[in-house]
Amino acid sequence: MALKSISPAKARKLVGRGALVVDVRERGEFAREHIEGARNEPLSSLGRIEEPDPGAVIIYHCKSGMRTRASAKKLEESANCEAFILEGGIDAWKATGLPVVKGGGADDAAHQMQIIGLSVFFIGVALGMSVNPAFYALAAAAAVWLIQGLFRRA
1 MALKSISPAK ARKLVGRGAL VVDVRERGEF AREHIEGARN EPLSSLGRIE EPDPGAVIIY
61 HCKSGMRTRA SAKKLEESAN CEAFILEGGI DAWKATGLPV VKGGGADDAA HQMQIIGLSV
121 FFIGVALGMS VNPAFYALAA AAAVWLIQGL FRRA
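So for the sequence shown, UniProt numbering puts the first residue at 1; every next one is plus one.
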């Protein structure tokens, strides 16, 4: 049985009747915002979904619907009851005016800072190898900055 798509309005009605909403985005995305009552089961670690009760309904969603459609076969295998894919994901849910729970974005900012630090590190190494060995100091400074960030998070 292939997973069927469901509109946000129809999904909301099913949620009101006890449908289980499963958010397949990664934990950081879920922490930033999610549909109230949704359970986070990232695609990267998705196992079999235990149905809450006989005759249960599961509604899978991601940000825009692309990941859920691309992983429909895997999602279908994880459900042992009737299941749907939310059309347009949480973006469509919000566009329809339906509520979401907002969380913090601290993980995102920290992740972006790590990417910047690593970029500066590798640029310093590349410039040190190809232009002037003095650029290794830039790589060393970036490494120290990244290491300090690890200790601040711990």
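Be aware that a few hints might be false.
[To be verified] List of simulated lysine to any residue pairs, SDA-like, C-alpha gap at most 25 Å: (1) Lys102 - Ser44; (2) Lys94 - Leu127; (3) Lys73 - Glu29.
If you're looking for bench data, these hints aren't it; they were derived computationally from the structure.
Q: Output the numbers, in ascending order, of every earlier hint that fails for this structure.
A: 2
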